[in-house]
Amino acid sequence: MQKLKFIPFYAGVMLFVLSAVMIYLSIQGLSDIRPASDYEDQGVYTFLPYEVQPVQVKNTSASSRDRRMNPTKTVYMVLYRDTSGAGYRWRERTPAPELGEKTVEAGQTVARRVLSIPSSRTYITVEPEQSAQSYTDGLRQKYSLFLGLSVAYILFYLAVWSVIRAKSSPRR
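Following numbering that gives the first Met the number 0, the numbering of the sequence shown begins with 0 at its first residue and continues without gaps.
It is worth saying that the hints were derived from the structure and are not from the lab. Positions of the beta carbon are idealized from the N, C-alpha and C atoms, including for glycine. Among the clues, some could well be false.
Calculated lysine-lysine pairs in the DSBU-like style (CA-CA distance at most 35 Å, straight line) [stated by the list, open to error]:
| # | residue 1 | residue 2 |
| --- | --- | --- |
| 1 | 166 | 4 |
| 2 | 141 | 72 |
| 3 | 72 | 101 |
| 4 | 141 | 101 |
| 5 | 141 | 57 |
| 6 | 101 | 57 |
| 7 | 57 | 72 |
Derived CB-CB ranges, DEER-like [as the list claims (entries may be wrong)]:
| # | residue 1 | residue 2 | range |
| --- | --- | --- | --- |
| 8 | 14 | 116 | 33 to 39 Å |
| 9 | 161 | 16 | 17 to 23 Å |
| 10 | 65 | 31 | 26 to 32 Å |
| 11 | 107 | 74 | 17 to 23 Å |
| 12 | 71 | 148 | 37 to 43 Å |
| 13 | 74 | 29 | 37 to 43 Å |
| 14 | 74 | 10 | 27 to 33 Å |
| 15 | 100 | 71 | 19 to 25 Å |
| 16 | 64 | 19 | 20 to 26 Å |
| 17 | 107 | 8 | 47 to 53 Å |
| 18 | 110 | 58 | 49 to 55 Å |
| 19 | 161 | 65 | 35 to 41 Å |
Construct the complete structure from the given sequences, taking the supplied hints into account.
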């Protein structure tokens, strides 16, 4: 029964550490967001799937031993190219290669808005109803939400910890 009393403590500490990491990642993400003025809207293009391809990505599984033993893992991407011949490409992760092959065989087209970044000579694709401003606002909102929730948890944890500490200390 004594061991069960430590479960909330360890869960709280783990959430505290996770919140601290999320604060760091949120601040980093907020600082990496380009201003909307950096993007040039190239318009909405229609993309057609043409291939399923295995891609090696960094292994981010929960087990550190698993990450050490297998630093990368294979995921499958459905590759798309625009139908106008402008040379734009887009890719989407698929849960299984068989599902990706079905997508390619079906030949279902997808509309995407292309936002170019002239300073780095690259581009991104977003949902057709999005603009550069709505895209950057969405990123800013997401990172701000994570930051706010993490800060709120840390403040809550510290408040609970200080109340418990005050109650457990002997009175003079």
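Checked hints:
no.	hint	in the structure
1	166 <-> 4	holds (17 Å)
2	141 <-> 72	holds (27 Å)
3	72 <-> 101	holds (23 Å)
4	141 <-> 101	holds (33 Å)
5	141 <-> 57	holds (23 Å)
6	101 <-> 57	holds (26 Å)
7	57 <-> 72	holds (6 Å)
8	14 <-> 116: 33 to 39 Å	holds (37 Å)
9	161 <-> 16: 17 to 23 Å	holds (18 Å)
10	65 <-> 31: 26 to 32 Å	holds (28 Å)
11	107 <-> 74: 17 to 23 Å	holds (21 Å)
12	71 <-> 148: 37 to 43 Å	violated (31 Å)
13	74 <-> 29: 37 to 43 Å	violated (27 Å)
14	74 <-> 10: 27 to 33 Å	holds (31 Å)
15	100 <-> 71: 19 to 25 Å	holds (23 Å)
16	64 <-> 19: 20 to 26 Å	holds (23 Å)
17	107 <-> 8: 47 to 53 Å	holds (51 Å)
18	110 <-> 58: 49 to 55 Å	violated (33 Å)
19	161 <-> 65: 35 to 41 Å	holds (38 Å)
Violated hints for the displayed structure, listed by number in ascending order: 12, 13 and 18.
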